[in-house]
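From first to last, the protein sequence lines stand for chains A and B.
Residue numbering for the first sequence follows numbering that gives the first Met the number 0, beginning at 0 and increasing consecutively.
Residue numbering for the second sequence follows numbering that gives the first Met the number 0, beginning at 0 and increasing consecutively.
Calculated from the structure, these hints are not laboratory results.
Hints are supplied without guarantee of correctness; some may be wrong.
[To be verified] Chain B is nowhere near these chain A residues, computed Cβ spacing over 10 Å in every case:
1. Ser50
2. Asn152
3. Trp218
[Unchecked claim] The calculated DSSO-like cross-link candidates involving lysine-lysine, where the alpha carbons are at most 27 Å apart (straight line), are:
4. Lys118(A) with Lys131(B)
5. Lys177(A) with Lys190(B)
6. Lys153(A) with Lys177(A)
Idealized CB from N, CA, C, for every residue including glycine.
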Amino acid sequence: MNYSSYEIMVVSAARLLKNDDVCFVGIGAPSAACNLAKLTNAPDITLIYESGTIGTAPDVLPLSIGDGELCSTALTTVSGVEMFNYWLQGGRITVGFLGAAQLDRFGNINTTVIGNYEKPKVRLPGGGGAPEIASHSKQVYIIMKQSPRSFVNKIDFFTSYGFGNGYNERSEKGIQTKGPQLLVTDMAIWKPDPTTKEFEVVALNPGVTRDAMQKSVGWPIRYSERLDENTPPTKLELEVLRDLQERTRMAHSKTGNSGQ
Amino acid sequence: MAKFQPLTTAINENLFSGSFVVFEGFTHLIPYAAAHEAIRSGITNLTLARMTPDVIYDQMIGMGMVRKLIFSYAGNPGVGLLRRLRDAVENEWPRPLVIEEHSHAAMANSYEAAASNLPLAILRGYQGAGLKGMNANIKSIECPFTGETLAAVPALRPDVAVIHAQKADSKGNVLVEGIIGVQKQAVLSAKKAIVTVEEIVPELNTHPNACIIPSWAITSISVVPGGAHPSYTQGYYERDNSSYLEWDRISSDRNTFKDWMRKNVLEQGQEAFNERVEHLRD
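Same shape as in the complex, but just chain A (with noise of 0.2 Å):
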């Protein structure tokens, strides 16, 4: 079956989903991986977003983070403060998706600002949970597409931390997660270097040439001494993916209005 580079990249990261995860899940990408997984590999993954929806299985997609569908399909839906002190700092999540306007090789994250943070170029929405996703959750998954525009050799704003310039400094700030581990893309599957932390390639999509990352990727690309090529969606995974796309289509277009 004939698949979009999108797909190949939700496929992908749910894949590398599990029953036992529990995913603070982010609106778009992230919740579509979050939820085919639920509906394929990882059916008893629990999924939380950070409206404080804590076991939620939503039939379609959610536009907002906090879309009534999450509330009313979930184990339980605590406050806010609960969300974050309890759950978050907690250390009860095991997978932080983020995604980022602008993305380092070493996993750190801006969604605040292009440009000077005072006299902004684009004042982007901020940081919401991402700076506590990033330094609370045991694992941060990334998920977004390549770009050269987001895949960028030095961030305007340190919205969300990952391993600053590498090696040690994650740790040595008395952060105890381990951080960015899996940065999943519409081109490859990249993971971060055991001792430099600084994410190589460890699988390219097929059909992808490193000419081709290399336009879409704003530093000198590393490569895994262990390339392999990614496995394209199966036809499963990819009528999973549609039908579940599909509903949401249907759900969200249902609300006609546009006026207020």
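Given the structure of chain A, go ahead and fit chain B onto it with the hints provided.
Quick look at chain B alone, frame taken from chain A:
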């Protein structure tokens, strides 16, 4: 005890130019009707705080009534950026906006600290994060027992908290259900609290651990069916996702924005909200 009042009276008696106000709600139960009443009242120079300032704060900022914003995520949820807020920060239109930026964890804790009558909140937060260097209200504190360095932020003590909820009983006790965010903390952190509700019922008939705010912790209650639109009220009507998508277009141009505000806010009253949610009711 809470007073049952028309919304216009509740806003005029409690919100003034220069007030520090929070209109809380985490995607769910956002008090749009009350905020629109505040816009119509003509007050200005407000300091606003909210974890997730979304479309309603974008509207208030674009109308020029906000001097300072304290926040942790300023986006249109699931859609993108807030264009009026961007215009204020990037181009000072229609006026400069002072911003004080935190993380969600810190803001939730700063409400909790104020509700608990403490001067500060302590959290293990902002580790390696750039905001620490940009916001003078993010400081470090050493744990006197373990020596660990932790983040400290001041308690958030607004003059007025405004929230929307499902219902009040006839005595003015309010039930908040679903995604409850930090509404209870916000109400208890503020000097005064205004609550809009979908309806008043004789008894709340709920379970012992429900999130109920007692009447004596609330200043004023107004009945506004549909008062959270285009946000939603769990059990009453769904989120109007298409309005959030549409806002991206409306807010992208200053004149389109001003026109829309005139037609849909300035020249309307609270009764419009009930009609807006008619097609979204379960």
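Quick check: which numbered hints come out false for this structure?
Of the numbered hints, 1, 5 do not hold.
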